[in-house]
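Trainee: With the hints as a guide, dock the two chains, each given alone in a separate frame, to form the complex.
The lines below spell out each chain.
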Amino acid sequence: MNITALIINTMAIFGLLIAFAKDKDKAIQSLKIAGKSFIRVLPMVFIIIIVIGLLLGFVPPEQISGFIGEQSGIKGILLVGVLGALMHIPALLSFPLAASLLENGASVSAVVAFITTLTMIGTVTLPLEIKELGKRIAFLRNGLSFIIAIIIALIMGAIL
Amino acid sequence: MKKEREMIRDWILLGLISILLVGLLSIFPDKKEVVLSTSWEFFIEMVWILPAVMVILGLFAVWVPKDIVVKYLGSTSGMKGILFAIVLGTLPTGPLYIAFPIAATLLKKGAKISNIIVFLSSWACIKLPQEMVELQFLGLKFMAIRLILTIIFVVIMGVFIEKLIEWSNKK
Chain G
1 MNITALIINT MAIFGLLIAF AKDKDKAIQS LKIAGKSFIR VLPMVFIIII VIGLLLGFVP
61 PEQISGFIGE QSGIKGILLV GVLGALMHIP ALLSFPLAAS LLENGASVSA VVAFITTLTM
121 IGTVTLPLEI KELGKRIAFL RNGLSFIIAI IIALIMGAIL
Chain C
1 MKKEREMIRD WILLGLISIL LVGLLSIFPD KKEVVLSTSW EFFIEMVWIL PAVMVILGLF
61 AVWVPKDIVV KYLGSTSGMK GILFAIVLGT LPTGPLYIAF PIAATLLKKG AKISNIIVFL
121 SSWACIKLPQ EMVELQFLGL KFMAIRLILT IIFVVIMGVF IEKLIEWSNK K
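If you're matching them up, the sequences are chains G and C in order.
Anchor point for the first sequence: position 19 equals 19 in our numbering, and the numbering is continuous, going up by one each time.
Anchor point for the second sequence: position 128 equals 128 in our numbering, and the numbering is continuous, going up by one each time.
Chain C with its partners taken away, still in its complex shape (with noise of 0.2 Å):
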């Protein structure tokens, strides 16, 4: 019922921003072959990659359940946990507030908070589909480096957290 609010909300928004559009380039009509270019350009791009991802994250969906990444992820500790929560986070399942739910239960199954940061963190911006489109958009060398610093910072911030609250908690 969410999504269906959201897409109603995107299409509207879409409306509006379509009449901008037409509104805009009748008031300036030497903009409309720069402004229609760029936007068919880029339409372009999309066409040719977001059907595949789709697909790829659909295959994901059904082959990987939840399930799988709970009993993964809540039995595992030390290096080896904080590989599973990167890996596991990678996996397209969804948009973050679905890996929420997942998260405060394996806190209840006792799994370490640093393991669950870097799960939340890697589900929300590791992404296989979406690292797929970023080289598509910005590059080999973007977007590696990119995702090497991403995964070495939320390491760190996994283990500080967790140092933060162990502390705090016995204070």
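With the rest of the complex left out, here is chain G (with noise of 0.2 Å):
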């Protein structure tokens, strides 16, 4: 177990402590929540970890970078963007694909631009945020989420 994994374990578990001593009922509720979205997303959970095998077997690493690494420029960046926008995936999965990819030859803004536009931008909830918040503001939001998505990218290939 890293450090990380452990900071958040001890969280989880001095967070259940304080739960469980306010209020047991609430405490049990709140497992029941935990346990009911874990179950929900285990069955994705186990696609992008079967998928991130399967891409680092078969895929080389050449191939992987030729096509969002370094070479690959801004088109690289923009495809990867356009993939996020379009995917529907829990952002809380993007980040070991994410990781997989650029221990593989994948560019920090390509990587970056991946899991801004997939968090940011829902092209699958579109109708649902054009009918409650309209046109305007749904488009305005998710294209210029597109441009800033790109923006913090570039910015972030440059830093790192």
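Source of the hints: derived by calculation from the structure; they are not laboratory data.
What you were told as hints is all true, and nothing was included just to trick you.
DSS-like cross-link-like pairs, simulated, lysine-lysine; straight-line CA separation at most 25 Å: (1) K108/C x K135/G; (2) K135/G x K112/C; (3) K32/G x K22/G; (4) K163/C x K108/C; (5) K131/G x K108/C; (6) K109/C x K131/G; (7) K80/C x K109/C; (8) K131/G x K112/C; (9) K71/C x K131/G; (10) K170/C x K112/C; (11) K163/C x K109/C; (12) K71/C x K22/G; (13) K26/G x K36/G; (14) K171/C x K108/C; (15) K36/G x K24/G; (16) K170/C x K131/G; (17) K163/C x K135/G; (18) K170/C x K135/G; (19) K163/C x K131/G; (20) K71/C x K26/G; (21) K109/C x K135/G; (22) K135/G x K171/C.
Please read all numbers here as calculations on a predicted model, not as lab measurements.
Mentor: Encoded structure:
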């Protein structure tokens, strides 16, 4: 277990202890919600884990870096940015995927673009956003989010 | 009900991917070791953090009800409003589509557009458990810089959209 995992687990345990001390029923309710969300993401977790295994086993690093590595330039960044905007996977699971791509030749910018568009832009949920907030806000928010995702990606690529 | 359909879809997808995995590995047995050891490595990392992340998520869901979000964001504006929008957005209270109706309610109540945009964006991308998983897999430097840049640009975007909408309303 590494330090991050240790901190998160400590936080969870302390949180639970405080919760049980304060209100037992509410604490149990929290645990139930935790269990349900856990079961809900479980298939996605396995899917991502298998995809990572297959990706790293079958796609040589040179190919990954060819598509979304440093030398692919802005094209590679835009490509994964669009992919991230279209895909609908829980953000939690984009990080292991991003880490594995990064280890195998993807550029920092490409990975950042992917994570940021994935979380901020919801193509699948766009109809709902339009219904609740109107076309103007929904399109402006999603469109500008794409642009700032690319800007953030480029800045991070330059820094890291 | 929608959630149930999504779950069924996920399980079917998992089934298909597993078949693909078994198929590919039986055609290319020499790849077996790399694929399985890589997957196993990521599986172990997930096992260490996922239950804890879910517990924290559950605690927040019960102790921070949605009306608190509405209450605080509806009545504050300016710099304070934006700060509130960020903080409230980071609390892990569910997927983005839950935030749309909340945002719509807030807009009707007269909250500033910039606050709403910042709120939606931080709800989407700076969730507390999300940051912890990012820390685990991509490291402190990566997480911290991305977080800071995201907050800066989200605030700029919020103000920009507000000005744009005010300007187009005047015309």
